[in-house]
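Guided by the hints, dock chain B onto chain A, whose structure is given.
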Amino acid sequence: MSFDDVIQEINLTEVRERIQSATGRDVERALSAEQPGLEHAPALFSEAAVPFLEEIARRSAALTRQRFGRVIYLFIPLYISNECVNNCPYCGFAKGLDVKRVTLTPNKVMREAVFLHSQGFRHLLLVSGEHPAHVSIDYLRKIIASLDTLFDSISIEIQPMTREEYLILSEAGVDGLTLYQETYDPELYKFYHRSGPKSRYDMRLMAIEAGGEAELRTLGIGALLGLGDWRFEAVMLAHHGRYLMRRFWRSRLAVSFPRIRTQSGGFQPKFSVTDRDLIQMICGMRLLFPDAELVISTREAPSLRDNLIGLGITRMSAGSRTIPGGYLIRAESNGGQFEVEDRRTPEEVCHAICAKGFEPVWKDFDRQFCVKDT
Amino acid sequence: MNKPGKKLIIAGVEFHSRLFVGTGKFSSPNVMAAALAASETEIVTVALRRVDLNNLTDAMLSALDFRRYRLLPNTSGARTAEEAVRVAKMARVVAKTSWIKLEVTPEPHYLLPDPIETLKAAEELVKLGFTVLPYINADPILARRLEEVGCATVMPLAAPIGSTRGLKTYDQLAIIIEQAGVPVIVDAGLGMPSHAAEAIEMGADAVLVNTAIAIADDPVAMAEAFKLAVQAAEKARMAGPAGESRLARPSSPLTGFLPEDGS
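Protein sequence lines correspond, in order, to chains A and B.
Each residue of the first sequence is one higher than the last, beginning at 1 in this note's numbering.
Each residue of the second sequence is one higher than the last, beginning at 1 in this note's numbering.
Bound conformation, chain A alone (with noise of 0.2 Å):
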């Protein structure tokens, strides 16, 4: 049974209702819980939950401290193409936009990616636009192959591939995937995503299925905030993370936070989350998920970024660059898929990571785990 067989169960509408009547009473027998679970997710994530977002911040620091210590973990994207079949209006690499379309020579994310790695990134994050011509099978089996010898973790944000892809994928060196759902709502979500394959909201959901079913080691889910209500959001990024643990038990749960901020097209979130929105998201997604990585990205300002060091975030990229060739090559293209708000280096956001009385991890993996005896 694939998670759209589980969202065809939940009724949707019972969902929102829940978060919307939500009292103090839920919050507090969510925060009595040893434990809570998904049936405290919609008080976790609700209004009422607002009075106790110090309480449930204290518990998801706690909770953080001791499940994964006193450290950060640190990962860079690196933009392979910016060509897009897909019209995303909220995304700086939509088929309308006018802007340069590149897609990088393996040569010349081989020069981006030996830059990375002399910053000192072991964990890599590839990403791209949705376009099967341009972005291969063939064109990253073969630029993850040359990676692999620089990076020990390679994850992909690309577009949604299937089993048999994500294994040759897996052979060649990938261990992590990231694809957000972008809303869980399924009118939402037929709205924002009106033409190209992105248009398909089962294909999206059964694609990282597809990565559990590969074995990939982490899954990373998202929802993309702006573009429907977050509280409701959250709640089903619980019951799909959820999903995917009992399902596919090797796997790592990650969940990352992306709000839209500027990018090309101008696109005005219709959904406003505020930065205490943002906290009481991450800290109650910790509460549910003790042991799942929690993900920032530089979309996020400097200072909201150190505020939520040691409250519930694990993963955090550092010096990004959202357009293909943005570390070198920056002439290339205009494109990039969103603006970055945190343009510290990648040393600077160190200082302020151990400024907090953390440590900057910068390898959590090895290659070794993944290379096939021969």
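For the record, the hints were derived by calculation from the structure and aren't laboratory data.
Note that the Cβ used here is the ideal one computed from N, Cα and C, for glycine as well.
A hint or two may mislead.
To be verified - With the Cβ distance kept under 8 Å, some of the chain B side facing chain A (calculated, not the full set):
id, residue
1, G24
2, K25
3, G77
4, G162
5, I215
6, S251
Unchecked claim - Derived contacts from chain B toward chain A, CB cut-off under 10 Å, selection only:
id, residue
7, P29
8, D52
9, P106
10, T211
11, P219
Stated by the list, open to error - To spell it out: a stretch of chain A is covered by chain B in this simulated footprint if at least three of its residues, at any positions, have a beta carbon under 8 Å from a beta carbon of chain B; those stretches are:
id, region
12, 61-67
13, 239-251
14, 360-366
Showing chain B alone in chain A's frame:
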């Protein structure tokens, strides 16, 4: 079973400290180094996935004084026997030790060890000449099987790793300790010095502590507290504990006036 007064010997090597310390989760390599020193440990475990063993400037490795500590690399992150064996082989080359703490944990959330893959990997590693210290659930039969295939110790968990919940597996641990012919090192889940003391008092040969020290507000003081607890428990065992009784035993018995010969 740690017989009172018996030295801790693992694979022919004698240790004075019964406290092993892990190196994960610390706020900085310097804090880690200071905590290790305060613990007076002689064995430190290092997750190979965390360090760049090809790079001697690796921050964590540079903070470790290899003259003082025996490095015990672990295979944490391995999901299968095949992966664990591969990582152990790498450790032997780069860390120049054939001692390996075998961890095979296919489920990334509770990190509970896979008994089947652990036994498989242990068997192979022993054949390859490794000194194998396997991390296991508190399963007495698995402990016997691992001893039979030639492991140097068994390292049963007290509670899920990082949970700091104490000796949740007490009864099973007691059976392992009673039956083992190799040192039993209670690993994972010890949250307070009293938990470590209890493990040593019940006859464990040593304990391994990481999270409880690393995430304490003052890791150095906590490391020392664990050291003292382990030493106190060891001393108590040597002193001959009074033992438990369901009946009260007054220190001044009411019949103490009677002559001892029963007349």
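**Message:** Need the list of violated hint numbers for this structure, in ascending order.
**Reply:** Violated hint: only 6; rest satisfied.
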